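Enquirer: Quick mapping for you: the protein sequence lines, in order, are chains A and B. Position 15 (the first sequence) corresponds to 14 in numbering that gives the first Met the number 0; numbering is contiguous. Position 261 (the second sequence) corresponds to 260 in numbering that gives the first Met the number 0; numbering is contiguous.
It is worth saying that the hints were derived from the structure and are not from the lab. Heads up, some of the hints might be wrong.
[Said to hold, decoys possible] A short, non-exhaustive set of chain B residues, derived as facing chain A with CB atoms under 7 Å: (1) Pro39; (2) Gly67; (3) Lys71; (4) Pro87; (5) Val224; (6) Phe244; (7) Thr246; (8) Val372; (9) Ser373; (10) Met374; (11) Asn375; (12) Gln676.
Since we're looking at a predicted model, the values are computed, not measured. Don't be surprised by glycine CBs; every beta carbon is placed ideally from N, CA and C.
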Amino acid sequence: MSAAAKRYVMTVDTRLCVGCKACVLACKAENAVPDGFCRDWIVEDVRGEFPRLSAEIRSERCNHCTAAPCVKNCPTGASHVNEGGVVLVTHNKCSGCKACIAACPYDARFVHPAGYVDKCTFCLHRVRKGLQPACVSVCPTGTLVFGDAGDPSSEVRQKLDTRRSKVNHPESGAGPNVYFLT
Amino acid sequence: MATTRRDFIRIGGASLGAAAFGSGLFTNWWGLDPDRVHDPATDGDRVVPTFCELCFWKCGVLAHVKNGRVTKIVGNPEHPLSRGRLCPRGTGGTGLLYDPDRLKKPLLRRRGKRGEQTFEEVSWDAALDFTAGKLEEIRRKYGPEAVALFSHGYGGSFFKTLMTAYGSNNIAAPSYAQCRGAREVGFQLTFGSPVGSPENLDLSNSRVITLIGSHLGENMHNTQVQDFALALSRGAQVVVVDPRFSTAAGKARYWLPIKPGTDIALLLAWMHVIVEEGLYDRDYIEKYATGFGELKAHLADKTPEWAFTETTIAPETIVETARLIAGARPASLVHPGRHVAWYGDDTQRTRAIAILNALLGSWGRRGGFFIPVSMNVPKVPTPVPAHKPRPAPDAPKGTVYPFADEVLAHGLCDATIPGTGAYDFKGWIVYGTNLIQALPEPAKTVRAIQNLDLLVAIDVLPAEIVGYADVVLPECTYLERWDDVGPTPWREPFLAIRQPAVPPLYESKPGWWIARELAKRLGHADFFPWDDAGQMVEARLAKAGHDVARIKASGIVRGKPVPVTTEDGLELSFKTPSGKIELSSAQMAAAGLPPLPPYTRPEEPASGQFRLLYGRTPAHTFGRTTNNRFLSQVTSGNEVWVNARVAMEKGLSSGEKVVLVNQDGVRSEPVPLKATQRIRPDCVFVVHGYGHTSPRLQFAKGRGLDDAKLMTRTKVDPAMGGTGMNVNFVTVEKA
């Protein structure tokens with residue numbers, strides 16, 4: 000399969016996630032994310048009233064949307080779609096105007112102290128070396144799975160085909176590529 | 000190097016051109032090629048395998064070292080406890096290594112009172128000479144037993160050797176009487192083996208997992224959480240018994256929000272149902288156990304209806320969960336707990352858990368408890384100490400804790416107050432344990448300290464206890480040192496090494512060097528018959544026939560798997576006096592204690608009071624890591640969990656600062672309230688390990704509240720002397 004046909008996605012198994020935030024810290028270490036910023040984060044959604052409660056824990060990040068509003072709204076072309084549909088920001092093309100931050104339905108972006116807009120890259124620098132993204136690699140519960148949804152033999156494809164899943168803000172029309180398994 | 004767009008313009012032609020050429024950027028001068036992917040370049044030019052010390056689980060890690068700095072720490076895929084994955088704490092080891100508050104030079108208190116922190120920086124020679132001189136003086140005046148060692152952590156082994164040489168067996172860790180001791184005793188009495196650490200749980204193969212106050216997922220023992228998640232992914236059912244809707248409760252089919260302190264009633268009622276309905280493993284019990292008749296009689300009146308009035312758990316829920324739990328046996332695991340120092344009847348509660356597991360036939364079975372194995376390595380021969388130490392005076396005069404098989408840390412502390420124990424203490428060596436937060440009643444600990452002639456603190460960070468020391472010996476972190484090598488009991492035999500990734504920063508030194516230097520000065524060099532711990536470890540591994548170069552490269556040597564459950568072909572045996580599982584304990588009876596776990600109704604909080612419960616947060620190992628700035632980016636303080644309805648009735652809302660005031664009038668630091676549906680109305684919950692007061696912990700100081708301070712009462716376990724700490728009551732006041 001050619002590189003162009005790849006469609007990188009991530010599945011997040013909310014039944015397994017304990018919200019430990021190892022993903023957040025592994026990402027920070029791998030990507031040298033400056034203090035006070037993070038590219039992924041944990042949402043704990045507890046519903047109901049004592050004692051009838053349910054909880055969903057989600058490890059969230061950039062959704063690398065298929066129709067990414069950030070890319071559409073970037074005036075310089077810094078935000079672009081790279082290999083496998085991964086949305087990246089070319090640092091030295093970014094003017095830090097924040098149009099993408101306003102456009103992102105997921106609040107996935109921030110201004111790096113060096114002046115460019117930063118966010119999750121699906122660790123494409125690792126993926127190109129045949130490694131998993133840092134968050135996937137560290138996750139003690141196996142909550143996170145990354146891969147090519149276009150490859151029928153991939154674990155993500157199998158998860159998507161056999162488990163119920165949802166995305167955050169489907170109404171945005173952005174076509175998010177991070178799927179939460181429920 | 001991260002070059003920003005603005006830098007790029009400013010740097011200008013020549014030098015940049017060279018840099019760009021060198022990095023392959025020359026072909027796309029402005030980086031406009033969209034396929035270029037920025038590499039943060041955190042991969043090390045060296046990768047050093049070692050094992051973690053952010054908690055005590057000992058996960059294998061790989062430290063990436065670049066230009067002499069550790070850039071990141073990842074799991075070692077070869078290591079059976081990490082399997083390439085890590086918890087947040089292990090990931091954040093660099094936050095300890097590069098903590099700006101680290102102890103940098105030896106410190107000596109020449110004036111002022113203990114705790115006033117009037118330290119002077121001195122040379123290692125001055126610090127060691129002073130320490131050895133004082134230790135020699137105490138030994139001469141009072142005998143060697145007048146010195147106690149408090150130790151927590153893998154590096155403590157060298158100080159234990161030092162103590163043996165010096166002549167004292169008074170070596171204690173709060174991890175026993177203040178944590179998991181009762182559990183070890185409860186299981187030892189029942190199965191003839193403790194659970195140990197890492198726990199011998201075959202969780203990944205369990206079909207039903209029952210957690211009683213065990214917060215897997217908040218308590219991030221890596222392998223255990225991995226196995227818990229594996230079990231969940233394989234469809235295991237979970238029963239959680241907890242007054243708080245824990246993370247694990249969110250994964251459970253049944254959450255039983257039990258009234259705190261009534262767990263034994265629930266356990267007895269579960270066993271009542273399982274025995275009355277004949278759901279237990281009859282063959283297993285007949286083959287391996289004694290005392291079933293006595294157990295059955297003991298359970299006769301422990302009906303679900305009876306338990307309901309104690310636990311507030313509906314009888315039909317008790318019956319349903321009992322059937323679910325028994326239905327999956329033997330792959331049904333009732334977790335033994337880890338921190339179990341709760342109510343003073345903790346040995347009896349863990350006995351009840353052990354007996355329930357016996358009824359399920361889960362000990363030594365797949366999906367239950369495996370029988371751990373370990374790989375040994377020959378010891379360095381050391382002399383037999385000339386002196387036979389007097390027994391530890393760790394219980395009040397006239398009191399015996401019949402099953403205490405380790406020295407009680409709080410007992411040694413109490414005995415330091417003159418006249419309390421069989422003899423007094425004059426010196427403490429404190430290695431890697433912050434006794435001010437690790438023991439209950441910190442005011443008493445401080446009082447005890449004032450009776451000492453010498454307090455030596457060996458630590459990486461200036462925890463509160465360090466401030467009370469006379470001499471402070473700065474140890475380097477686990478990433479900067481060799482430690483001893485020893486077996487870790489697990490489901491497969493392995494040996495892992497701790498080796499330095501980088502040299503020690505500042506003037507800090509490895510524990511082995513500190514212990515050895517003290518031993519030399521005390522005339523015990525023969526107990527450390529080697530010059531360098533790394534060489535010693537290598538020599539021992541070589542002697543055992545291992546390929547040392549390969550172990551240094553991989554961090555580990557793994558042995559052949561052996562049977563660890565009956566399903567693998569293991570024959571079960573039990574090291575109890577009867578050679579069987581002792582459902583009814585003759586040993587307990589002989590010690591004058593109930594041979595079957597009785598239920599004791601806990602004391603109730605007065606009107607307006609709440610029971611104070613405490614626990615963990617995944618990114619921290621109690622107070623040890625709360626100064627870690629890297630970890631604190633995800634969790635940097637604690638809050639008081641209060642039932643949402645109760646908070647509303649009290650006119651309190653989330654985020655508002657509150658103070659806890661305990662039954663003895665001790666007030667906590669003000670912290671935010673968390674009004675939540677996730678807790679019963681009769682208790683409050685905080686994460687343990689905050690509320691640091693040491694001014695040298697510049698990040699942690701003043702963050703959150705210290706629950707240990709509120710534990711002015713404990714209930715002591717008569718079987719093993721553990722200090723039950725869930726017996727304190729607080730009111731919640733607006734700050």
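Enquirer: So, for every hint listed, does it hold in this structure?
Expert: How the hints compare with the structure:
At about 5 Å, the closest approach between the beta carbon of Pro39(B) and any beta carbon in chain A falls short of 7 Å, and the interface hint on this residue holds. The interface hint given for Gly67(B) is broken, as the beta carbon of that residue sits about 16 Å from the closest beta carbon of chain A, more than 7 Å. Nearest Cβ of chain A to the Cβ of Lys71(B): about 4 Å, under the 7 Å cut. The hint holds. Proximity of Pro87(B) to chain A holds as hinted, the smallest CB-CB distance being about 4 Å (cut-off 7 Å).
Hint status for Val224(B) relative to chain A: holds, with the closest Cβ pair at about 5 Å, below 7 Å. This hint holds: Phe244(B) has a C-beta 5 Å from the nearest C-beta of chain A, less than the 7 Å allowed. Because the beta carbon of Thr246(B) sits about 5 Å from the nearest beta carbon in chain A, less than 7 Å, this interface hint is met. Interface hint status for Val372(B): violated, as the beta-carbon distance to the closest one in chain A is roughly 24 Å, over 7 Å.
Hint status for Ser373(B) relative to chain A: violated, with the closest Cβ pair at about 23 Å, above 7 Å. Of the supplied interface hints, the one on Met374(B) is violated, with its beta-carbon coming no nearer than about 24 Å to a beta-carbon of chain A, more than 7 Å. Annotation: Asn375(B) was flagged as interfacial toward chain A, and the flag is violated, the nearest CB pair being 29 Å apart, outside 7 Å. The criterion of a C-beta within 7 Å of any C-beta in chain A is met by Gln676(B), whose closest approach is roughly 4 Å, and the hint holds.
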